[in-house]
Amino acid sequence: MTGEPRPAAARTEPHEADADRREAGTDPRYQDPRVIVATLRSARTVAIVGLSPDPLRPSNFIGFYLQRHGYRIVPVNPREKEILGETSYPSLRAIPFPVDVVDVFRRPEAVPEIARDAVAIGAKALWLQFGVVSPEGARIADAGGLAVVMDRCMKIEHARHLGRMHWLGFNTGVITARRAREL
Amino acid sequence: MSAPAPGEGALPGGEPEPPRGEGDQGTRAYGFDTRAIHAGQRPDPYTGARAVPIFQTTSYVFEDPESAAAYFNLQEYGNTYSRIMNPTTAVFEERIASLEGGAGAVAFASGLAAQAAALFTMLTPGDHVVASSALYGGTVTQLKHLARKLSLELTFVDPDDLSAWRGALRANTKLLYGETIGNPGGNVLDIAAVAEIAHGHAAPLMVDSTFATPYLCRPIEHGADIVVHSATKFIGGHGTSIGGVVVEAGTFDWSNGRFPVVAEPSPAYHGLAFHETFGMYGYLMKLRAESLRDLGAALSPFNAFLFLLGLETLPLRMARHVENALGVARFLEAHPAVASVRYPGLAASPYRELVARYLPRGAGSIFVFDLAGGRAAGQRFIEALGLWSHLANVGDAKSLVIHPASTTHRQLSDQELAAAGVGPGSIRLSVGLETLDDLLDDLARGLAAARGTTS
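Taken in sequence, the protein lines are chains A and B. When the count follows this note's numbering, it moves up by one through the first sequence with no breaks and lands on 183 for the last residue. When the count follows this note's numbering, it moves up by one through the second sequence with no breaks and lands on 455 for the last residue.
In isolation and in its complexed conformation, chain A is listed as follows (with noise of 0.2 angstroms):
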């Protein structure tokens, strides 16, 4: 549910991210309601770059979550062979099928090459996980007419929108007379 697996170094220094999206301050149209809820509803494929094969990891735990509610999730991750029951390829361009969503979960200067990758295999929306924060991959999936989410947690906003996060207390934000399709 939080950003990329964080290098040990940074984990013991969470400032750094909080710093990087202060910044940047993440543009609001990265972070549209509508967008979340149009990408989360029309996305079929899911690829997932930096998934983890550890279960406890926050990128497992999401790539899991997606699994759950249908998705199907494509790892992005060049040292393992399957992860989450899925093929696991080196890179996006190595995927040999169409993907819908690339949700990233790696460090913010990995991400302008992802975001150049995502706009070469023809995916329809570029999402960048919490503490995920780079206006340049932004900016390059953008121009490839990609929707583009930043600095949000997949599994988050499809709970918040569409799940049962409010199951827990959470504060979904969202305010609606109109009946629920699920409680």
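It is possible that part of the hints are untrue.
As the list claims (entries may be wrong) - Simulated coverage check for chain B against chain A, where a stretch passes if three residues somewhere in it have a Cβ under 8 angstroms from a Cβ of chain A: (1) 131 to 141; (2) 318 to 330.
Claimed, not checked - Here chain A is said to cover these stretches of chain B; the calculated rule only asks that three of the stretch's residues, wherever they fall, bring their Cβ under 8 angstroms from a Cβ of chain A: (3) 36 to 49; (4) 103 to 114.
Think of the hints as simulated: they come from the structure by calculation, not from any bench. Think of the CB as a built atom: it goes at the ideal place given N, C-alpha and C, for glycine as much as any other residue.
Once you've looked at the hints, dock chain B against the given chain A.
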């Protein structure tokens, strides 16, 4: 595991979803009064019930074994057992979190249970807590007991003295704790200044905001990290139910190296690191999945329902509470039988500037005044009242009164009373929602009795 289509809820019968695109689509920042009525509830899909249903159930049937495992591993949001979560209670929790501007909330069976769990989640033996010396007596007692039994270090400081807060900090100080409006002294906390002191020491600030409610003050907006409430008081508002709630801002860095109890892998969840895994929701997940689960002081869904009813009218009630309180305070201030009135909302209050900054809509409706005549006058005052209820609670629609020297503080000498900030003639009022003139008429009768005359 039967996977629904992406982005779809598990609708019975596989009905197609109604079209989206209606409403504001999450783009509007709704006002406080709207959120007091709507936040946390979506009318349920099966019945369409408009009121929040009371889910009076201990447990929940799992869809399949994989789902059960995912819920227990915290990989998925799901209901397992009402000691840990309940759909009625969850509406109350989310609504309070929305009103306070927090990331989320966890409800408890009482305010003191909420407070104990909030502390239990973040502290370990050897940690030091700096707390206001003007806290509610029940909180002081709880802190002293916890300190003794859990080997915590504890320092009480004059909450009005910022240098005292600063001077009390130690290498092992892990928490600063105060009340928005002190009970019963009525001192107003300089939340932003104390939060800055706390954050300069990489420690969170926790605030008991029971007397203010989120309608009068939202401590998170001023830098507080954790807000606790006795929901028993104004939130319920009608003196029906005991309950409490913890709200967390979601912005404190629990991975700063000083809170391994929050940040490091939890043996109870196979080594799950709560703060890293759940990010801004890590403390709240731990508060629920460990502290509430282990301490067991769950709020009943029925009480949560009553608190929800209370919250729907919170803005209306609080506006009237403070209006009546100011009327009562001004009446007492001008009365010859009254030595002093400690209502922070009065123009003469030493907290006037802090009230303007933190409580612009009013300084609550609970305060102490001192009779000129001492302990015996206090008893005569109480005996003469006919409309004010003599009891040990506050924050009810009904006006309440208590004479500490002859009740809660009865065993203390006059000197010990003074040390507790309570005079022999101190009276604590909780001003309710009745017709102001009726409240004043009854008080006039009591004050005449206190002076030894009849009205």
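To see whether the hints hold, each was checked on the structure:
Here the stretch 131 to 141 of chain B counts 0 residues with a CB under 8 angstroms from a CB of chain A, which misses the bar of 3, and the coverage is violated. Coverage of a stretch by a chain is defined here by at least three residues with a beta carbon nearer than 8 angstroms to that chain's beta carbons; for the stretch 318 to 330 of chain B and chain A the count is 0, and the condition is violated. Check on the stretch 36 to 49 of chain B: 9 of its residues sit with their Cβ under 8 angstroms from a Cβ of chain A, so the three-residue criterion for coverage holds. Counting residues of the stretch 103 to 114 of chain B whose beta carbon lies closer than 8 angstroms to any beta carbon of chain A gives 5, which reaches the threshold of three, so the coverage claim holds.
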